[in-house]
Amino acid sequence: MPAILTLNGLKVVIYPADHRPAHVHVQGAGFEIVFDLNCPDGPLDVRNIKGNVSNASIRRVAKLIVPSLSTLCGAWRDIHGNYK
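The sequence shown begins at 12 in the numbering used here and counts up one residue at a time.
Source of the hints: derived by calculation from the structure; they are not laboratory data.
Warning: the hint list may mix true and false statements.
Claimed, not checked - Label-pair ranges, simulated between beta-carbon atoms: (1) L18 to K61: 27 to 35 Å; (2) P51 to L18: 14 to 22 Å; (3) N66 to D89: 27 to 35 Å; (4) R70 to K22: 13 to 21 Å; (5) G92 to S65: 34 to 42 Å; (6) S65 to K22: 16 to 24 Å; (7) G62 to T17: 28 to 36 Å; (8) N93 to G41: 14 to 22 Å; (9) G20 to N66: 16 to 24 Å; (10) N63 to G92: 14 to 22 Å; (11) N63 to T17: 19 to 27 Å; (12) A28 to S65: 15 to 23 Å; (13) L18 to D89: 27 to 35 Å.
As the list claims (entries may be wrong) - Pairs of lysine to aspartate or glutamate residues, derived as EDC-like cross-links and limited to a Cα-Cα distance of at most 20 Å, are as follows: (14) K95 to D29; (15) K61 to D47; (16) K95 to D52; (17) K74 to D29; (18) K61 to E43; (19) K74 to D89; (20) K61 to D89; (21) K95 to D47; (22) K22 to D89; (23) K74 to D47.
Ideal Cβ placement from N, Cα and C applies to all residues, glycine included.
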């Protein structure tokens, strides 16, 4: 499983055998949040949440990865081709 980024202890992952649309799995201590990237310009949308994580934490995680949207969309394109 390729970790595309690590931000403040969170692992941002794009699985090579995953499906479209473009999205990332953000893994933290006891949780995973899946964000649709809506490439190339966003905005991020929460698709799925596993584990116990507050809404405030979800917002903090989203704010952490937004500056890397271009990098993440590029990584998705490199691994999977089209965004949708």
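Outcome of the hint check:
1. L18 to K61: 27 to 35 Å: violated, 18 Å
2. P51 to L18: 14 to 22 Å: Holds, at about 20 Å.
3. N66 to D89: 27 to 35 Å: Distance hint for N66, D89 holds at roughly 32 Å.
4. R70 to K22: 13 to 21 Å: Once the Cβ atoms are compared, 19 Å apart, the range 13 to 21 Å for K22 and R70 holds.
5. G92 to S65: 34 to 42 Å: holds, 35 Å
6. S65 to K22: 16 to 24 Å: For K22 against S65, whose Cβ atoms are near 19 Å apart, the range 16 to 24 Å holds.
7. G62 to T17: 28 to 36 Å: violated, 18 Å
8. N93 to G41: 14 to 22 Å: violated, 33 Å
9. G20 to N66: 16 to 24 Å: Since the Cβ atoms of G20 and N66 sit about 20 Å apart, the hinted range of 16 to 24 Å holds.
10. N63 to G92: 14 to 22 Å: violated, 35 Å
11. N63 to T17: 19 to 27 Å: Given a distance of about 22 Å, which is inside 19 to 27 Å, the answer is holds.
12. A28 to S65: 15 to 23 Å: Since A28 and S65 have Cβ atoms about 31 Å apart, the given range 15 to 23 Å is violated.
13. L18 to D89: 27 to 35 Å: For D89 against L18, whose Cβ atoms are near 19 Å apart, the range 27 to 35 Å is violated.
14. K95 to D29: The hint holds at about 12 Å.
15. K61 to D47: holds, 15 Å
16. K95 to D52: Status holds; Cα separation ~13 Å.
17. K74 to D29: Distance of about 24 Å is beyond 20 Å: violated.
18. K61 to E43: The hint holds at about 5 Å.
19. K74 to D89: violated, 24 Å
20. K61 to D89: Distance of about 27 Å is beyond 20 Å: violated.
21. K95 to D47: holds, 10 Å
22. K22 to D89: holds, 19 Å
23. K74 to D47: holds, 14 Å
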